[in-house]
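Undergrad: Sequence:
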Amino acid sequence: MSDWAGIGWLVILLIVNAFFVAAEFSIISARRSQIEPRAERGSRAARTALWAMEHATLMLATTQLGITICSLLILNVSEPAIHHLLESPLGLLGWTDAVVGTVSFVIALVLVSFLHVVFGELVPKNLSFSVPERAVLVLAPPLVFFATIFRPVIVALNATANGVLRLARIEPKNEATSAFTVDEVANIVAQSTKEGVLSDTTGALSAAFEFSEKKAQDVAIPLSKLVTLHEDATPSDVEKAVAQKGFSRYVLMNDAGEPTGYLHLKDVIDLDEEEFTEPVPPKRIRKLVSIYRGLELEDALASMQRTETHMARVFDEQGATRGVIFLEDIIEELVGEVQDATRRERY
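At position 42 of the sequence shown the residue is numbered 42 (the UniProt record's numbering), and the sequence of numbers has no breaks.
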């Protein structure tokens, strides 16, 4: 191979090395929230990027293999070419062959290292950090293609690395972390507010962070503070309670003081007049789901949404009822006061 061919290979290898470095950092730094909408709209590149992010360890093994091969080839092909090209002009200085050989080697090594670090590592890394989503959409497809071709080798290398981690009692992760924790988001909001680029005038953001830390027991209403009806209540009793107390929903209690269900005004308002003095038909009574008092409030909300219920019984470690949680009280933790259309007073 001629010396100038070696220089040509240096340029090619630096470009390939830069590709693997940029692909590595784009997969790590890109956010799923920015890629998923594109994938849902049918972008093939976005779907490939998501697949790469979900198989991060495989992709990182691929990039490391590519970077290592490029680095070895640069040292073994390009560095000797530059070394040899420098020997002729340096020989004109009248130095001995040993001195010329040493100086040309040092210059070649420094030059190749500089080019490798700056153009093969730092530039592509900073580029990926600057525009991670754009970078991953461009770089993920060819990286996945490369990983597919060399999959047996890469899987073997990755399995070896994972085995070493497990020996150290560290469980490897497949997917890149692509979401902020609550604390990270809270810090971002606090910093943005401090710098004047965000204004939480309604308190909704602060409430959202506090909401994520609360449990069901924090908003549950004790049974002693509830306005309740007996489980044998008639539609007439419900109508009177609405007129006197102003609530649209009422928990039904049995003789043991345990909640057995609840009624909404609209569950009885369409009954015939002769049915108004009889106990509400069982099919009209809504069931109460049971929620452990230590359940996170967002999980309690999800459970009530799944069961399409506005109330839930809250129980403790022994299974004893500790209160009732209302859907509107959970929502109030996020958006502030929510008024019942028929409400006249607080319970």
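One should not assume that every hint holds.
[Claimed, not checked] Derived pair list, reagent style DMTMM-like, types lysine to aspartate or glutamate, alpha-carbon separation capped at 20 Å: (1) Lys245 - Glu328; (2) Lys214 - Glu296; (3) Lys215 - Glu275; (4) Lys240 - Glu296; (5) Lys287 - Asp255; (6) Lys283 - Glu239; (7) Lys287 - Glu333; (8) Lys214 - Glu332; (9) Lys225 - Glu213; (10) Lys245 - Asp329; (11) Lys214 - Glu333; (12) Lys214 - Glu317; (13) Lys266 - Glu296; (14) Lys215 - Glu121; (15) Lys215 - Glu332; (16) Lys225 - Asp255; (17) Lys283 - Glu296; (18) Lys225 - Asp267.
None of these hints come from the bench; they were simulated from the model.
Undergrad: Run every hint past the structure and note whether it holds.
TA: How the hints compare with the structure:
{"no.": "1", "hint": "Lys245 - Glu328", "in the structure": "17 Å, holds"}
{"no.": "2", "hint": "Lys214 - Glu296", "in the structure": "6 Å, holds"}
{"no.": "3", "hint": "Lys215 - Glu275", "in the structure": "41 Å, violated"}
{"no.": "4", "hint": "Lys240 - Glu296", "in the structure": "36 Å, violated"}
{"no.": "5", "hint": "Lys287 - Asp255", "in the structure": "17 Å, holds"}
{"no.": "6", "hint": "Lys283 - Glu239", "in the structure": "18 Å, holds"}
{"no.": "7", "hint": "Lys287 - Glu333", "in the structure": "24 Å, violated"}
{"no.": "8", "hint": "Lys214 - Glu332", "in the structure": "13 Å, holds"}
{"no.": "9", "hint": "Lys225 - Glu213", "in the structure": "24 Å, violated"}
{"no.": "10", "hint": "Lys245 - Asp329", "in the structure": "18 Å, holds"}
{"no.": "11", "hint": "Lys214 - Glu333", "in the structure": "9 Å, holds"}
{"no.": "12", "hint": "Lys214 - Glu317", "in the structure": "18 Å, holds"}
{"no.": "13", "hint": "Lys266 - Glu296", "in the structure": "31 Å, violated"}
{"no.": "14", "hint": "Lys215 - Glu121", "in the structure": "47 Å, violated"}
{"no.": "15", "hint": "Lys215 - Glu332", "in the structure": "14 Å, holds"}
{"no.": "16", "hint": "Lys225 - Asp255", "in the structure": "17 Å, holds"}
{"no.": "17", "hint": "Lys283 - Glu296", "in the structure": "31 Å, violated"}
{"no.": "18", "hint": "Lys225 - Asp267", "in the structure": "23 Å, violated"}
In this structure, the hints that do not hold are numbers 3, 4, 7, 9, 13, 14, 17 and 18, in rising order.
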